[in-house]
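*Asks:* Starting from the given sequences, assemble the full structure and let the hints guide the process.
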Amino acid sequence: MNRIKVPFGRKKKPKLPVEDISALSSMEFDHLLYVLNELANRYKYYNTTPYDIRKFLQLIAFHLANKLTKQHTFSNIELGILNVILENRLLPFEESNKLGDFVLLEKIDKQNNSNEFITQLIENDFQLVENIAYVRINNNTQCN
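Heads up: the sequence shown at position 130 corresponds to 130 in the working numbering, and the numbers run straight through without jumps.
These are computed hints drawn from the structure, not numbers from a lab.
Please note that the accuracy of each hint is not assured.
[Unchecked claim] The calculated DSSO-like cross-link candidates involving lysine-lysine, where the alpha carbons are at most 27 angstroms apart (straight line), are:
#1 12 with 70
#2 13 with 55
#3 44 with 11
[Claimed, not checked] Between beta-carbon pairs, the in silico distance windows are:
#4 66 with 136: 21 to 27 angstroms
#5 28 with 125: 25 to 31 angstroms
#6 110 with 5: 29 to 35 angstroms
#7 128 with 49: 20 to 26 angstroms
#8 12 with 47: 30 to 36 angstroms
#9 110 with 49: 17 to 23 angstroms
#10 72 with 25: 16 to 22 angstroms
#11 89 with 26: 39 to 45 angstroms
We put the beta carbon where it would ideally sit given N, CA and C, even for glycine.
*Replies:* Right, dumping it as structure tokens:
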């Protein structure tokens with residue numbers, strides 16, 4: 001999947017924080033897809049952004065867009081990530097970088113003691129976003 005399909009037409013920003021995806025109007029839904037597509041492609045051609053960050057942003061944007069379009073239920077961490085994206089999408093990269101931490105699953109797979117490392121991540125409040133990464137949203141932007 002190289003691109004998120006964003007419907008044409010009017011879009012409306014949802015009221016933040018987004019707590020229930022199923023309660024969104026079609027225009028709010030379209031706005032979320034637009035923002036996720038923007039995020040997936042934002043750093044595509046910038047070599048100044050570290051590779052891990054670009055990869056994470058693309059993976060998380062595609063993951064959330066896929067869940068939106070298939071109308072799957074969002075976990076608390078996924079809702080938290082979506083709200084952080086929506087609230088801070090216009091921040092410069094240096095500031096947005098401070099909003100949370102992540103460790104890609106591919107990095108964990110390369111480690112010798114991956115089970116111990118995962119246990120440490122969980123003890124440090126990281127949560128799994130399936131098939132992508134362990135993520136922790138910093139205290140100033142908590143998810144429910």
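*Asks:* Look at each hint and say if it fits the structure.
*Replies:* Against the structure, the hints:
{"no.": "1", "hint": "12 with 70", "result": "holds, 20 angstroms"}
{"no.": "2", "hint": "13 with 55", "result": "holds, 26 angstroms"}
{"no.": "3", "hint": "44 with 11", "result": "holds, 24 angstroms"}
{"no.": "4", "hint": "66 with 136: 21 to 27 angstroms", "result": "holds, 22 angstroms"}
{"no.": "5", "hint": "28 with 125: 25 to 31 angstroms", "result": "holds, 30 angstroms"}
{"no.": "6", "hint": "110 with 5: 29 to 35 angstroms", "result": "holds, 33 angstroms"}
{"no.": "7", "hint": "128 with 49: 20 to 26 angstroms", "result": "holds, 24 angstroms"}
{"no.": "8", "hint": "12 with 47: 30 to 36 angstroms", "result": "holds, 35 angstroms"}
{"no.": "9", "hint": "110 with 49: 17 to 23 angstroms", "result": "holds, 21 angstroms"}
{"no.": "10", "hint": "72 with 25: 16 to 22 angstroms", "result": "holds, 19 angstroms"}
{"no.": "11", "hint": "89 with 26: 39 to 45 angstroms", "result": "violated, 21 angstroms"}
In the structure shown, a violation is registered for the earlier hint numbered 11 alone.
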